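Since the structure of chain A is provided, determine the placement of chain B on it from the hints.
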Amino acid sequence: MIDFLNSIIVLLNFIIIPGIAYGSQLALGALGVTFVYAILRFANFAHGEIMSFGAMITILFTWFFQSQNIGLGILPTALLALPVGIIATIILCIISDKFVFQYYRYQKSVPVVLAMVSIGVMFVINAIIRIIIGTETIKFSDGQKFIMKAKQFKVMTGLNEGLAIKSSQVITIFITILLLTFTFWFLQKTKTGKSMRAFSDNEDLALLSGINPDRVVFTTWIIVGLLACVAGTLYGLDKSYKPIIYLNLVLPIFASAIVGGIGSPFGAVVGGYVIAFSEIMVTYAYKKFFVYILPSSIEPNGLVQLLSTDYKFAVSFSILVIVLLIRPSGIFKGRVL
Amino acid sequence: MIKFERHEWLAITIMISLFIFVGFLQGWSVSLVILNMCIISAIMTMGVNISWGYAGVINFGVMGFLAMGGLAAVLVSYPPITESWQVGGRGLGISFALLIVLVIAVMFINRKVIQKRKRYILNSLIIFFGILIIRHFYLNATHNIEDVNPAIAGFLGGLGLPIIFSWFVGGLLAAGVAFVIGKVALGLRSDYLAIVTLGISEIVVSVLKHEEWLSRGVKNVIGLKRPVPYEIDLQNTDWFINLVTYLNSSKLNNIIDVSDRQQVLNNLIIDGSGIFVKLSYAILFLIVMLIIFYFANKAQLSPWGRMMRAIRDNETAANAMGKDVVKQHLIIFVIGAGIVGIAGAMLVTLDGLFTPSGYRPLRFTFIIWIMVIVGGSGNNLGAIFGGFVIWFSWIEAAPLTTFIINQLTSGLEPTNALKLHLLDSVPYFRYLFMGLILLLILRYRPKGIIPEKVRHS
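Protein chains in written order, with this note's numbering: chain A, 1 to 337; chain B, 338 to 794.
None of these hints come from the bench; they were simulated from the model.
Please note that the accuracy of each hint is not assured.
Just the calculated beta-carbon pair ranges, DEER-fashion [unchecked claim]: (1) Asn69(A) / Asn753(B): 23 to 31 Å; (2) Lys139(A) / Ile458(B): 42 to 50 Å; (3) Thr739(B) / Leu72(A): 36 to 44 Å.
The calculated lysine-lysine pairs, modelled on DSS-like cross-linking and capped at a C-alpha distance of 25 Å, are [what the hints assert, rightly or not]: (4) Lys312(A) / Lys288(A); (5) Lys166(A) / Lys154(A); (6) Lys333(A) / Lys790(B); (7) Lys108(A) / Lys784(B); (8) Lys790(B) / Lys108(A); (9) Lys189(A) / Lys333(A); (10) Lys194(A) / Lys333(A); (11) Lys98(A) / Lys784(B); (12) Lys562(B) / Lys546(B); (13) Lys556(B) / Lys312(A); (14) Lys239(A) / Lys145(A); (15) Lys108(A) / Lys166(A); (16) Lys546(B) / Lys242(A); (17) Lys453(B) / Lys333(A); (18) Lys242(A) / Lys145(A); (19) Lys556(B) / Lys546(B); (20) Lys166(A) / Lys287(A); (21) Lys340(B) / Lys790(B); (22) Lys149(A) / Lys287(A); (23) Lys194(A) / Lys108(A); (24) Lys239(A) / Lys546(B); (25) Lys588(B) / Lys635(B); (26) Lys288(A) / Lys149(A); (27) Lys242(A) / Lys756(B); (28) Lys312(A) / Lys239(A); (29) Lys784(B) / Lys635(B); (30) Lys664(B) / Lys520(B); (31) Lys756(B) / Lys312(A).
Computed from a predicted structure; not experimentally measured.
Virtual Cβ for every residue (Gly too), placed ideally from N, Cα, C.
Isolated chain A (complex conformation) (with noise of 0.2 Å):
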C-alpha cells in the first residue's frame, strides 16, 4: 500500500503536476493562436514573440516595482505587473493589426500571405525584445518560491517520496482557471462575444446582420494580447525568461492549436495539455515508478524511458503529425469559434 501511495506521489510530482502548469501555459497560447485563426483566418507566427513582449514589459515593470519596494508579500511582483504588461501587450497587438495586417485584411489576401507577413511582424518584435532586454536568461519570480517542499510533505506523510508544489505552478492553474473561465463566459454570454462567433462562422452573413467587422477584429487584438501576456508572464515565472525559448515555444502552441482543431477554443485548450502531458510523460523515465509498483522480482534494470528528454519538441510534432494523419481537423472538428 505504502508503495502503491509513494508510485502515485512519484507520478503527481514528476508528471501531473508539472503536466498541468505547462499545458496551462500552452493552452492559454493556443488559445490566442485560435482567436487569431478563427475570426482573422491565418495562422499568427508573430503568437511566440507578442508572448514574449508581454513577459519583457511585465519584468521590466517587476523590476520598476522591486526597486520602488512595492510588492505583494508571498506572491511574486510580477502578478502586480501583469496589468500593465497586459495592456501593453493589447497596445501592441492594435498596432500590428493598424500598420501591417489591417491593409491585407481589406485586400482580402490568402491566409498564406497573411502567415508571411505575420512572420516580417515576428522578426520586427523579435528585434525590439533584443534590443530593449537582451538574450540573457533572466529570472524574476520572488515572494515565497514553494507552497510545499519535498522535505515538509515527507515529514508530514511519511512517505518515502516528496511532493514539490511550486507556487509558480499553483498561480498558473489559478489563473488560467479563471481566464478559461472569463474566455468562454464571454463567447457564450455577451452580445460582443456573440457576434465575434458569427463573424467566425460566416463572414458575409454576419456582415449582413449588421455585425461591425472593425469591432470584432479590435475585440480579438484584445482578447489575443490579453491571453498572450498572460500566457507568456506565466511561463516565465514557472521556468524562467529567455527570448530564444519564446521563439521555440510558437511550435508547440501551434501544435496544441491544430491537435486540438484549430479555430475551435475549446479544442486549443484540450490541445494545450495533450501536447504538454505527451511531452512530459514520453520523455519521462519512469524507473522509479517500477521500482515502487512492481515486485522487487520483475524490477527493470533500466531507465524504462520512452524517448531521451532531447527529443521533447520532436514529441509534440509527431502528434501533430499522426493527428492530422488520423483526423485532419482535429481532435475537436475545428474551423469556427
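What follows is chain B alone, placed relative to chain A:
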C-alpha cells in the same frame, strides 16, 4: 535560350558591383566569403522557389533538407571507421531488418484485417512490441558504436569518397526524405502544411543532433576533406608562388632590399592562397548554380512548367483537365527539397565541418523565405537576386548599424548608457531589417523585386 530584359540586366549588374564594392572596401577575402554564402543561399532559394513559385507548394522544411544534405557530405566523404562497424554493424543491421519486417507486418495487417477497430488494436500491439524488440538491438549497437574512441570517432564514419560526390548524394537524400514527408503531409491546406513541414524539419534536425552513431550529434564532425587545395599546400607549390610573383611583379620590383622583398612576397602568398581557395570554391559553386538555373528555367518554360502554373493558379480547373494534382505536388516538393539538399552538402563542403546544432529551423527557414519573396517568387533570376541581396544585407547589416548608431548618437558622450546599450545590441538590428524588408516588399511590391514574367500565348 534565356533572354534577360533590361531590369534583369540591371539586377545582375547590381549583384556584381556589390561584391566589387565590398572587395575594394573590406578586402577581397571578405567579399569572396560573402559571395560563396550568397551562391549557396541562391541555390537554396531556387529550391524553395521551384516548389512555391512554380506550383504554390509551401515548404518550410528547408532546414531539415539542408541538414540532410550536410549529413550526406559527412557520409560520403568521411573515411569509414572499421572498428565501429565491427562492434555495432551487426546490431544495426538486425534492427533495420526488423524494422522492415515490422513495416511489412503493419502493411499486411492493413490489407488483411478489414474491421477498423480490430486493425487499430492489432497495429498498435505489433508496433509497440516490435519497437521494444528493435530498441533492444538498436540501443546495444549504438551504445557500442558511441563508445569507440569517443573523443575523435564514436560514429560509423562515411565512405571515404571525394566530397564533391556528396553534392549529388545530398540532393538524393533530401529528396528521399521529402518524398516520405510529402506522402504524409501534402494533402494538407497550405498554412497547415507550412507548420507541419516546419515541425518535421525540427524533428529531422533533432534526430541528427542526438543520434550520435550516425552524425556524431552535438559533438560535430570536423576535418572533412576539401575539393580544392589547402592554403598550406599552395604556399609551398612552385607554380602558385610564380603566379603570385608574376601578378605582383611591378609592386615587387619597386622594393630594392632583398629581404624586404621576400617578406612582402610571403605576405602576398599567404593572402593569395586564401583568396585562391575561396575563388576555387566560388567557381565550383557558380557552376552548380548556373546548371541548376539553366535547368530550372528550361523546366519552367516547358509544358511541364505550364502545367505547374496551371495547378498553382487554379487547382480545381487543372484537376478537371485531367492533371494529377497530388502527384505533381509531390514531384515538385521532392525536386525543390533535392535542390535544397544540394545546397546543404555544398554548405558543409565550404565549412569543412558538420554542426547539427547549427541548423535552427525557426531562425533560418524564414530568412530563406524572405529571399524568395523579396527576389520574386516564380522567377529564378529573382530567386538568385533575392538570395544574394538578403544574405548580403544579413552580413553587412552589422557594420551598417554600427555606423548609423554612431552617427545618430554622435552628440552623446562615449560613455552614455543608451549609446553603449545600442552598440551592444547591434547584432539584433539585422532581425529588424529583415522584418522591415519583408513587410515593405509584401506591402508595396508583393510580386517581388523581379516579378515572374507573365507569358501570353
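Consistency of the hints with the structure:
no.: 1; hint: Asn69(A) / Asn753(B): 23 to 31 Å; verdict: holds, 28 Å
no.: 2; hint: Lys139(A) / Ile458(B): 42 to 50 Å; verdict: holds, 47 Å
no.: 3; hint: Thr739(B) / Leu72(A): 36 to 44 Å; verdict: holds, 42 Å
no.: 4; hint: Lys312(A) / Lys288(A); verdict: holds, 20 Å
no.: 5; hint: Lys166(A) / Lys154(A); verdict: holds, 16 Å
no.: 6; hint: Lys333(A) / Lys790(B); verdict: violated, 41 Å
no.: 7; hint: Lys108(A) / Lys784(B); verdict: holds, 16 Å
no.: 8; hint: Lys790(B) / Lys108(A); verdict: holds, 24 Å
no.: 9; hint: Lys189(A) / Lys333(A); verdict: holds, 22 Å
no.: 10; hint: Lys194(A) / Lys333(A); verdict: holds, 19 Å
no.: 11; hint: Lys98(A) / Lys784(B); verdict: holds, 23 Å
no.: 12; hint: Lys562(B) / Lys546(B); verdict: holds, 22 Å
no.: 13; hint: Lys556(B) / Lys312(A); verdict: holds, 20 Å
no.: 14; hint: Lys239(A) / Lys145(A); verdict: holds, 12 Å
no.: 15; hint: Lys108(A) / Lys166(A); verdict: violated, 47 Å
no.: 16; hint: Lys546(B) / Lys242(A); verdict: holds, 22 Å
no.: 17; hint: Lys453(B) / Lys333(A); verdict: holds, 21 Å
no.: 18; hint: Lys242(A) / Lys145(A); verdict: holds, 20 Å
no.: 19; hint: Lys556(B) / Lys546(B); verdict: holds, 9 Å
no.: 20; hint: Lys166(A) / Lys287(A); verdict: holds, 24 Å
no.: 21; hint: Lys340(B) / Lys790(B); verdict: holds, 12 Å
no.: 22; hint: Lys149(A) / Lys287(A); verdict: holds, 23 Å
no.: 23; hint: Lys194(A) / Lys108(A); verdict: holds, 23 Å
no.: 24; hint: Lys239(A) / Lys546(B); verdict: holds, 24 Å
no.: 25; hint: Lys588(B) / Lys635(B); verdict: violated, 47 Å
no.: 26; hint: Lys288(A) / Lys149(A); verdict: holds, 19 Å
no.: 27; hint: Lys242(A) / Lys756(B); verdict: holds, 24 Å
no.: 28; hint: Lys312(A) / Lys239(A); verdict: holds, 16 Å
no.: 29; hint: Lys784(B) / Lys635(B); verdict: holds, 21 Å
no.: 30; hint: Lys664(B) / Lys520(B); verdict: holds, 9 Å
no.: 31; hint: Lys756(B) / Lys312(A); verdict: violated, 40 Å
In this structure, the earlier hints numbered 6, 15, 25, 31 are contradicted, and the remaining ones agree with it.
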